Structures are given as structure tokens and as C-alpha cells.
Amino acid sequence: MVDWGLRPFKTTNPIRDWGGYVLKEKIKQIKVRLKAWNKDQFGDMQKKLTRIKMDLNKLEIEGDERKLSDQELMAPK
1 MVDWGLRPFK TTNPIRDWGG YVLKEKIKQI KVRLKAWNKD QFGDMQKKLT RIKMDLNKLE
61 IEGDERKLSD QELMAPK
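Just so it is clear: in the sequence shown, position 4 is 4 by this note's numbering, and no numbers are missing.
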């Protein structure tokens, strides 16, 4: 056996090695990434829904006043 001398001073944080803590931190990172992805892909859904309802109401009012074209009737909003 070889004597290498004193071991270097090493600090450890046992909480960081605990499985529950590691899992919690991974889930936290996933949550942050999912929020960013959701905002990027879908945006503000409540605002989009409100805009679509307003557009639909506008078309219904115009439909009462005049005959809508086929394009207006079939237009995806």
C-alpha cells in the first residue's frame, strides 16, 4: 500500500446527492422549458379566443346586414 499523504479537503453537500432533491431539480427545469415551449407554440390562448369570438360576432352582424360571400362563410379564423 502506497502512502499518498493527507487527503485533500473536500466539502460535500449531501442534499444535492439525495435522489428526491435531484428529481425535484430536474422537474423544475422541465417545467421552465415547458412553459417557454407553450408560450412559443400557442401564445396567449385567452387573447386568441377573445379575438376569434369578436371576429365571429362581427361576421354575424355583417351577415345580418348583407349577404356574405362564400369565402367569408368558409374563412378559417
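Worth flagging that the hints you see were computed from the coordinates, not collected in a lab.
What you are looking at is a predicted structure, and each value in this text was computed from that prediction instead of being measured.
Among the hints, erroneous ones may be present.
List of simulated lysine to any residue pairs, SDA-like, C-alpha gap at most 25 Å [what the hints assert, rightly or not]:
#: 1; residue 1: Lys39; residue 2: Leu59
#: 2; residue 1: Lys58; residue 2: Asp40
#: 3; residue 1: Lys48; residue 2: Glu62
#: 4; residue 1: Lys67; residue 2: Leu56
#: 5; residue 1: Lys47; residue 2: Met74
#: 6; residue 1: Lys24; residue 2: Leu6
#: 7; residue 1: Lys48; residue 2: Asn38
#: 8; residue 1: Lys31; residue 2: Ile52
#: 9; residue 1: Lys58; residue 2: Asn38
#: 10; residue 1: Lys24; residue 2: Leu34
The hints, checked one at a time:
no.: 1; hint: Lys39 x Leu59; in the structure: violated, 29 Å
no.: 2; hint: Lys58 x Asp40; in the structure: violated, 28 Å
no.: 3; hint: Lys48 x Glu62; in the structure: holds, 21 Å
no.: 4; hint: Lys67 x Leu56; in the structure: holds, 15 Å
no.: 5; hint: Lys47 x Met74; in the structure: holds, 22 Å
no.: 6; hint: Lys24 x Leu6; in the structure: violated, 36 Å
no.: 7; hint: Lys48 x Asn38; in the structure: holds, 14 Å
no.: 8; hint: Lys31 x Ile52; in the structure: violated, 29 Å
no.: 9; hint: Lys58 x Asn38; in the structure: violated, 29 Å
no.: 10; hint: Lys24 x Leu34; in the structure: holds, 15 Å
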